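Each number in the working numbering corresponds to the 1-based position in the sequence shown with 5 added.
Hints in this document: simulated from the structure, not taken from any laboratory. There's no promise every hint is true.
[Claimed, not checked] Have a look at the derived ranges for each label pair, beta carbon to beta carbon:
id, residue 1, residue 2, range
1, 179, 113, 21 to 29 Å
2, 100, 145, 23 to 31 Å
3, 293, 97, 39 to 47 Å
4, 299, 144, 36 to 44 Å
5, 255, 147, 16 to 24 Å
Quick caveat, the model's predicted, so the values are computed rather than measured. Note that CB positions come from ideal geometry on N, CA and C, so glycine has one too.
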Amino acid sequence: MKNKQYAGVVVPMVTPVRDGAVDLEAVRTIIRSFAEAGVHALVLGTTGEGNLVSQGETILLTDAAVEAAEGKIRIYAGVTGLCLKEQISQIEGFARAGADVAVAILPSYYALTEEQMVDYYTALADASPLPVMLYNILATTHLSIPVEAVRKLSMHPNIVGLKDSERDLERMAACIDIARDREDFSYFCGWAAQSAHSLELGADGIVPSTGNFVPKHFRALYDAAVEGDMEEAQRLQEVTDDMAKVYQQGRPLGQQLAALKGIMEQCELCGREMLPPLTMLPEAEYKKIIEQITEFELE
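Let's have the full structure, built from the sequences with the hints guiding it.
Structure, rendered in structure tokens:
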């Protein structure tokens, strides 16, 4: 696990917004905080409102992130949109900006067969100038990449891993089995509450949204698990789970992201503004969130 090229903590970064546009200075601030903590970044993912960012701004954001990273951490860039040709063009822009990996969810307007999923990722990977990581997230795409399709796609020379956010322990174990003894394919757990457990099973990395404001906690969790100190890893799992409940519990995904940005503002990392159609929360709700999160040690 420690020797793989693609491993570690990859935080799905929020997309900071100011006056309706991506706040590039805040992007740099957040990326520098990640580099200081020793965690990598996924920009334009689900947490980053990726499908709500204009195509032009996706490249500007990626360029700012790469600049701020200064080669210290990897930048994973989320592929957005539904059109394969446009996605390939976007990845070409990511490559010019200096991103390290393209992370692609399934285009989700139509129900897809397993064969269509394999064909899509194969076409994308064949044309991509960057290594491609599969991204499985049933909650938003309403599609699940079958384990056997993951196995087939893992043999493609330009597909380097899977980020799996599906909440299925049996599936998790099966996908980790695909990657465990491979140097050329990595498994990243996108189900943050199972970070420690997935690492114990042999996952190569974790992708926790709560890492936006406590990246050092997740780096410590990862390091403890890699070193075999599962007691410490589980302790940090419980601490970060409690933090996550502050902004996640009882809210749909869009409101969770708005609440997360409220915490990010409290940490002086970015503002609260959201991209349409997502909106900010009422002021009283933010006040309650801040009261709850300040009960934790965030450093």
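(message) Are any of the numbered hints broken by this structure? If so, which, sorted upward?
(response) Violated: hint 4 alone.
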